[in-house]
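Asks: If you're matching them up, the sequences are chains A and B in order. Take 0 as the starting number for the first sequence in numbering that gives the first Met the number 0 and just add one per residue. Take 0 as the starting number for the second sequence in numbering that gives the first Met the number 0 and just add one per residue.
Be a bit skeptical, because a hint or two may be false.
Claimed, not checked - Think about it this way: if two alpha-carbon atoms lie no more than 20 Å apart in a straight line, the pair counts; the simulated PhoX-like pairs of lysine-lysine are:
1. A:K87 x B:K106
2. B:K140 x B:K174
3. A:K5 x A:K224
4. A:K92 x B:K106
5. A:K133 x A:K143
6. A:K243 x A:K224
The set of hints was computed from the structure by calculation and includes no laboratory data. Please read these numbers as outputs of a predicted model, since none were measured by experiment.
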Amino acid sequence: MQSDLKRIVSKLHSGMRIAVPVDYAGVSMALTRPMIEAGLRDLDLVCVPTGGLQVDMLVGAGCVRSVETSAVSLGEAGGAPRFNAAVKEGSIKVIDATCPAVHAGLIAAQKGSPFLPLRGLIGTDVLANRPDWKVIDNPLSDQKDPVVLIPAIHPDVAIFHAPMADRHGNVWIGRRRELAPMAYAARETYVTVDRIVEGNLLADEMTGAGVLPALYVSAVAEAPKGAWPYGLWGEYPADVDELKRYAAAARTQEGFDAYMSETAQQGEPA
Amino acid sequence: MSNVLPREILITTIARLLEGVRHVAVGASSPMPAAGAMLRRALDENERTVRLSILGSVEHNFFTNGSCELFDSAGQGRIDAFFLGGGQIDGQANVNLVGVGDYPQVKVRWPGSFGSAYLYFVVPKVILFREEHTPRVMVEKVDFVSAPGVSDPEVYRPGGPVALLTGKGLFSFDKTRPGFTLESTHEGESLASIREATGFAFEHADSVPETPAPDAATLELLRTRVLDELEETYPAFAADWRRDLAALSVPA
Numbered sequence: 000m001q002s003d004l005k006r007i008v009s010k011l012h013s014g015m016r017i018a019v020p021v022d023y024a025g026v027s028m029a030l031t032r033p034m035i036e037a038g039l040r041d042l043d044l045v046c047v048p049t050g051g052l053q054v055d056m057l058v059g060a061g062c063v064r065s066v067e068t069s070a071v072s073l074g075e076a077g078g079a080p081r082f083n084a085a086v087k088e089g090s091i092k093v094i095d096a097t098c099p100a101v102h103a104g105l106i107a108a109q110k111g112s113p114f115l116p117l118r119g120l121i122g123t124d125v126l127a128n129r130p131d132w133k134v135i136d137n138p139l140s141d142q143k144d145p146v147v148l149i150p151a152i153h154p155d156v157a158i159f160h161a162p163m164a165d166r167h168g169n170v171w172i173g174r175r176r177e178l179a180p181m182a183y184a185a186r187e188t189y190v191t192v193d194r195i196v197e198g199n200l201l202a203d204e205m206t207g208a209g210v211l212p213a214l215y216v217s218a219v220a221e222a223p224k225g226a227w228p229y230g231l232w233g234e235y236p237a238d239v240d241e242l243k244r245y246a247a248a249a250r251t252q253e254g255f256d257a258y259m260s261e262t263a264q265q266g267e268p269a
Numbered sequence: 000m001s002n003v004l005p006r007e008i009l010i011t012t013i014a015r016l017l018e019g020v021r022h023v024a025v026g027a028s029s030p031m032p033a034a035g036a037m038l039r040r041a042l043d044e045n046e047r048t049v050r051l052s053i054l055g056s057v058e059h060n061f062f063t064n065g066s067c068e069l070f071d072s073a074g075q076g077r078i079d080a081f082f083l084g085g086g087q088i089d090g091q092a093n094v095n096l097v098g099v100g101d102y103p104q105v106k107v108r109w110p111g112s113f114g115s116a117y118l119y120f121v122v123p124k125v126i127l128f129r130e131e132h133t134p135r136v137m138v139e140k141v142d143f144v145s146a147p148g149v150s151d152p153e154v155y156r157p158g159g160p161v162a163l164l165t166g167k168g169l170f171s172f173d174k175t176r177p178g179f180t181l182e183s184t185h186e187g188e189s190l191a192s193i194r195e196a197t198g199f200a201f202e203h204a205d206s207v208p209e210t211p212a213p214d215a216a217t218l219e220l221l222r223t224r225v226l227d228e229l230e231e232t233y234p235a236f237a238a239d240w241r242r243d244l245a246a247l248s249v250p251a
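Please take these sequences and the hints and turn them into a complete structure.
Replies: Structure (structure tokens):
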């Protein structure tokens, strides 16, 4: 199991653009520490559409060059301490977005299109700080109608955690269909799962409807409770106490380092 | 002392602002907006269906495509009302969710704009809700515009702010002026106390009424059905509320 995680991490390189999901959609916390231990640097993270603990840990460990996101926070546990400190110090570049723009960029890539137009945004400082987003006059309208073009987002890699996969590499994402565009848009997709099941998830219409087919999946590794301390939909709730423990510890870099080395010994949660 | 809790007045006010809506969306960690929407649903029960979508909730969620679907359905005009907070809110109803100071290297960084830069444009009834009502929150001009209160006429904008509800009072928003009007002050507050806590200028009548408390039937609904419903998604908030209710019934 650890070797499977290591095999995935061996495919990741410094400088890669990596897409990761929002805290409730299945975050591969199981891959976070191996990524840090591999000494990855200069990662450009794309949060789909917001980030949390995983992003904060990667930033705290010095793995990150930029974060494109609509928000980063630890939810109920408060602000993301290492991310916030890094923004203040200017040690990472933050590329502020808004949630539907991140989705739009991935969907543009999913379609092989150069961009997707999106309403809203005009007059915001979000748009003012995004030279890569262009405002055009809607060519299909007779009247003046400015609209924003969101360029396609092409991550090198997408990483997430799901409840199960089969040995063919089909991953069950259930109703979390927003995970699929991440995989469509990314060159490679690596998934950790709570369990590998026998048989073929596509053989049954009920499970098949919720499957991300192996076509889009580069590798799967089994990692029971691999979203912890985040929860996994339909499986287990978030461990809010642990998130709060992290939030308190990571207020300082020293506290963060101590938390990371302490918890390194613990391995998987009970 | 009143026998109605301040939060019960806020929740009732939210329900009043939601009159006539069919579908309310509530962000994560927003117990009072959720309670206000639940009260609206209970009050309208035999007249109309009021749908409530709470982000991140399993129970109160109609989506099979996560947050992507929330924004899609808002774009389709299927969401009538939404709530926005703000680290800073200014007199033009501009909202800042990003931070204090010069962007990007801000002095204080907040999580980020989330979906505000889109939803503020497309949801017809956006209610600004922020309990903290101090000069550092209610500022003359925000440091960063996550979402603007008003737009130029050529910008597609079926949505926008209609009201600002704080721990001290209720304002309506007039987008033609543009600006806020103080509609009512909560118990214990006055025009003077609100003026002192507000960094932007606002209009008001000569005499500003007090925010009405719920009537007996509404209060009963609030303390039974709504409180029970809320408990599923916000157990800590519900427990806190019950504790305050228990303290109310103990004579001092």
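Asks: Take the hints in turn and mark each one as holding or not.
Replies: Hint check:
The suggested pairing of K87 of chain A with K106 of chain B holds, with an alpha-carbon distance near 6 Å, which does not exceed 20 Å. As the CA atoms of K140 of chain B and K174 of chain B are separated by approximately 16 Å, the hinted pair is consistent with the 20 Å bound. Of the supplied pair hints, the one linking K5 of chain A and K224 of chain A holds, its CA atoms being roughly 17 Å apart against a limit of 20 Å. A distance of roughly 15 Å separates the Cα atoms of K92 of chain A and K106 of chain B; the hinted pair therefore holds under the 20 Å criterion.
Between K133 of chain A and K143 of chain A the alpha-carbon distance is near 16 Å, which keeps this suggested pair within the 20 Å criterion. For a cut-off of 20 Å, the pair hint linking K243 of chain A to K224 of chain A stands: about 19 Å separates their Cα positions.
In summary, this structure violates none of the numbered hints.
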